[in-house]
Structure formats: structure tokens, C-alpha cells
Amino acid sequence: MQESRYTLTAIALHWGMALLLITLFAVGFYMHELPLSPWKLQIYSWHKWAGVTAFMLVLIRLGWRIAHRPPELPWSMPKMMQLGAHIGHAILYLLMIAIPLSGWLMSSAKGFQTVYFGVLPIPDLLEKNKELGDLLRTLHMSLNYLLAALVVGHAGAAIKHHLIDKDDVLARMLSWCAR
Amino acid sequence: MKNRVIAVLLGGMALTPLAQAAEFTSIQADKSSLSFVYKQMGVPVDGHFKKFNTQFTFDPAKPANAKASFDLDLASIDAGSEEANDEVAGKDWFNTKAFPKATFVSTGIKPLSTNRYEVSGKMTIKGRTQNIAAPFTFNPQGNAAIVDGAFVLKRADFAIGEGSWSDFGTVANEIQIKFHFLANAAK
Chain W
0 MQESRYTLTA
10 IALHWGMALL
20 LITLFAVGFY
30 MHELPLSPWK
40 LQIYSWHKWA
50 GVTAFMLVLI
60 RLGWRIAHRP
70 PELPWSMPKM
80 MQLGAHIGHA
90 ILYLLMIAIP
100 LSGWLMSSAK
110 GFQTVYFGVL
120 PIPDLLEKNK
130 ELGDLLRTLH
140 MSLNYLLAAL
150 VVGHAGAAIK
160 HHLIDKDDVL
170 ARMLSWCAR
Chain Y
0 MKNRVIAVLL
10 GGMALTPLAQ
20 AAEFTSIQAD
30 KSSLSFVYKQ
40 MGVPVDGHFK
50 KFNTQFTFDP
60 AKPANAKASF
70 DLDLASIDAG
80 SEEANDEVAG
90 KDWFNTKAFP
100 KATFVSTGIK
110 PLSTNRYEVS
120 GKMTIKGRTQ
130 NIAAPFTFNP
140 QGNAAIVDGA
150 FVLKRADFAI
160 GEGSWSDFGT
170 VANEIQIKFH
180 FLANAAK
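Line by line, the protein sequences are chains W and Y.
In this text, residue positions in the first sequence follow numbering that gives the first Met the number 0: the first is 0, and each later residue adds one.
In this text, residue positions in the second sequence follow numbering that gives the first Met the number 0: the first is 0, and each later residue adds one.
These are calculated hints, taken from the structure and not from any lab test.
Warning: the hint list may mix true and false statements.
Cross-link-like lysine-lysine pairs, in silico, DSS-like; alpha carbons within 30 Å at most [said to hold, decoys possible]:
#1 Y:K177 x W:K39
#2 Y:K50 x Y:K90
#3 Y:K38 x W:K129
#4 W:K39 x Y:K96
#5 Y:K61 x Y:K30
#6 W:K129 x Y:K109
#7 Y:K109 x Y:K50
#8 W:K109 x Y:K96
#9 Y:K100 x W:K129
#10 Y:K90 x W:K109
#11 Y:K153 x Y:K125
#12 Y:K90 x W:K127
#13 W:K109 x Y:K50
#14 Y:K125 x W:K39
#15 W:K127 x Y:K50
#16 W:K129 x Y:K50
#17 Y:K66 x Y:K109
So that you can see chain W by itself, here it is in the shape it has in the complex (with noise of 0.2 Å):
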């Protein structure tokens, strides 16, 4: 049978990584033009070590879409609306592989290996090299940038079903609001 909604667990994962997303995001736009001070190295390190979890949470994530079906969407949507969606949505699930994938491999490239919590060393899969590093600087900003304006995107779609096409597009992704 077709559920009407997202299960609780996608509905936890999707706001949960919103959250975390969001953080990120404003994270890494305030940290990289600190001054070198300790406060600096540690906000780096909890933002890598938040990106690996944001990788982990979204390998989860798209587990659990394969495995429970997300709801249809309306069928009064057009056909070609129901493509930019599905292709929209396909685009922020890559982004959110890709962008901390570049922020590790960046990292190693810049010659700091990615400790998980200090604890747990990532390896590195490249050598320090500078022009690699900058490179790879400018793709996770680039691709952050992307994903900034997909979510803008994201969102605004979500309050247009809402409140101009009143369906449930958005209800569906709130565990407390039925329409």
C-alpha cells in the first residue's frame, strides 16, 4: 500500500540533515577567512567531523529511501513539474555525497588528515599538494554555493504547494501536520 506520508524516519533524517546542513554551511562561510588562532583549528575540526557525519547520515538516508518508498507526488502536478522534482531532488542527494567528499579529499590535499572526533583517522586518499588543495577549496565552495541555491529552491517549492496549490507536499514532511 502507498503511504500518504514520510515515515518518521525520514522525516527525522530530512530535518535532522537541515539542521546540520544549515550549520554547516554558515560554519564554512564564517571560518574561512579566521585569522590562525587555536579557536580557528578547533572550529575546523568540528566542522570536518560534522561534514563525516553529515556523509554517514546521508549514506543512511538514501538506505532508507531504497528501502521505504517515498509517497507519490500529487498527481494534479504536471508531468513535466514531476520531472524538474524528481531530477531536483536527485541533484541534492549528490551534492550532499559530493560536498564533503571534495571537503575531505581538500583536507588531505592541503596536508591535514581528517581525524574523526581526534580519534578515528579518515585516510588520506591524496598527497599534500598545493594547486590540488586550492583547487579543491574552490569545488567545495563552488558546489556549497550550488547546493545553497537548490535548497533556497527546495524550500520555496515546498511553501508554493502549500499555500498556492494547497496539497500536501510540505504536510507530508511534518510528522504533526495533516491536511
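The hints should help you fit chain Y onto chain W, whose structure is shown.
Just chain Y now, with coordinates in the frame of chain W:
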């Protein structure tokens, strides 16, 4: 300690008539390195010094007569990133304007086992002098020899990283120093 040094001196003197091995008197700078590893937020970071002068007089048969010293140009540091290099030149770290060089002068070298020795001496960084000891291996290959050694330096002993950096939670106190020298025999 003093007694041990005297014992080594006496031992060295007793061996003198038998010694045939070459005396090594110079270090080939382009085949030598002085590197270090420090831990930052639990992450090991590699660094090295590009400019240092080493004086080394060592005859494996007469370690008691051996002498080692070096002075290194602290501004020639590569601490892993450009911003770290700028930072460590500052007052909280090496204060290279006031203290451009770190120096080491040996007070004694004693044998530990075959091809293994320990050098003791006085290290001066940032106007502070401390006794240090470092084990090293000495592997002669004809007219050249490879010297490899390592020791742990505690940065707080030399006030390296003061102020906001004095907490070891971000940058650990223990710095692993590694030296690798190519020594040449006297011609």
C-alpha cells in the same frame, strides 16, 4: 650522569690505540634533513627546516671525543601551511625577529649498542636552554655514514606557543623531532 660520562670517556681512551675506523667530520647539507611532527587537534602534521648548519666530528671507535652541534634558521620553517609559517614566526611562537636561530651543542655522546648512540647536549631556543638527549643510529658505508635519530621536545620548555596557544588541547606539547644526516669521513 657525570660518572657515566667519565666512564664513557675512560672507555673511549682505553679503546683509542685499537681504533682504526675513520673519523667523520662533515655533514652534507643537501642529503640531510631536520623534520618534525606535531599534533594539532589530534591530527599529526609534518614540518621541516630548510636551513641549518651542522658541525659533526664523530669516530665510532671514540664516541667520547665526538662533538655535534647545529644552528638552524627558524625562519626557514615549513610548518605545514603558509598561514602556520607566518604564525610561528610571531612573538607567541619562535619570535624569530628577536631569536632568529635555535642552537644545539653536545655535551657528550655515549654508545648504547652496536651502531646505536645517544647524544646529550644543550638546546637553546627563544633564549631558553634545556638539556636534551637523543638516541641515534650511525651506519657507516665506506666514506659516508647515515645518522638517524629522533627525540621528543616539549614546546612549553622553550615557551614555543605562548598566550592563547599555551593550552595543549589544540597543539600538543610533545613535538617529535627527527634528524637524518649524511656524514662524510675526513679526507
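These are the hints, each one checked on the structure:
1. Y:K177 x W:K39: holds (28 Å)
2. Y:K50 x Y:K90: holds (21 Å)
3. Y:K38 x W:K129: This hinted pair holds, its Cα atoms lying about 20 Å apart.
4. W:K39 x Y:K96: holds (25 Å)
5. Y:K61 x Y:K30: holds (25 Å)
6. W:K129 x Y:K109: violated (43 Å)
7. Y:K109 x Y:K50: Satisfied, since the Cα-Cα distance of roughly 27 Å is no more than 30 Å.
8. W:K109 x Y:K96: The hint holds at about 28 Å.
9. Y:K100 x W:K129: holds (28 Å)
10. Y:K90 x W:K109: OK: K90 (chain Y) and K109 (chain W) at ~25 Å, within 30 Å.
11. Y:K153 x Y:K125: holds (13 Å)
12. Y:K90 x W:K127: Distance of about 28 Å is within 30 Å: holds.
13. W:K109 x Y:K50: Satisfied, since the Cα-Cα distance of roughly 23 Å is no more than 30 Å.
14. Y:K125 x W:K39: holds (25 Å)
15. W:K127 x Y:K50: At roughly 22 Å apart (the allowed maximum being 30 Å), K50 (chain Y) and K127 (chain W) satisfy the hint.
16. W:K129 x Y:K50: Between K129 (chain W) and K50 (chain Y) the Cα gap is close to 22 Å, so the pair holds against 30 Å.
17. Y:K66 x Y:K109: holds (11 Å)
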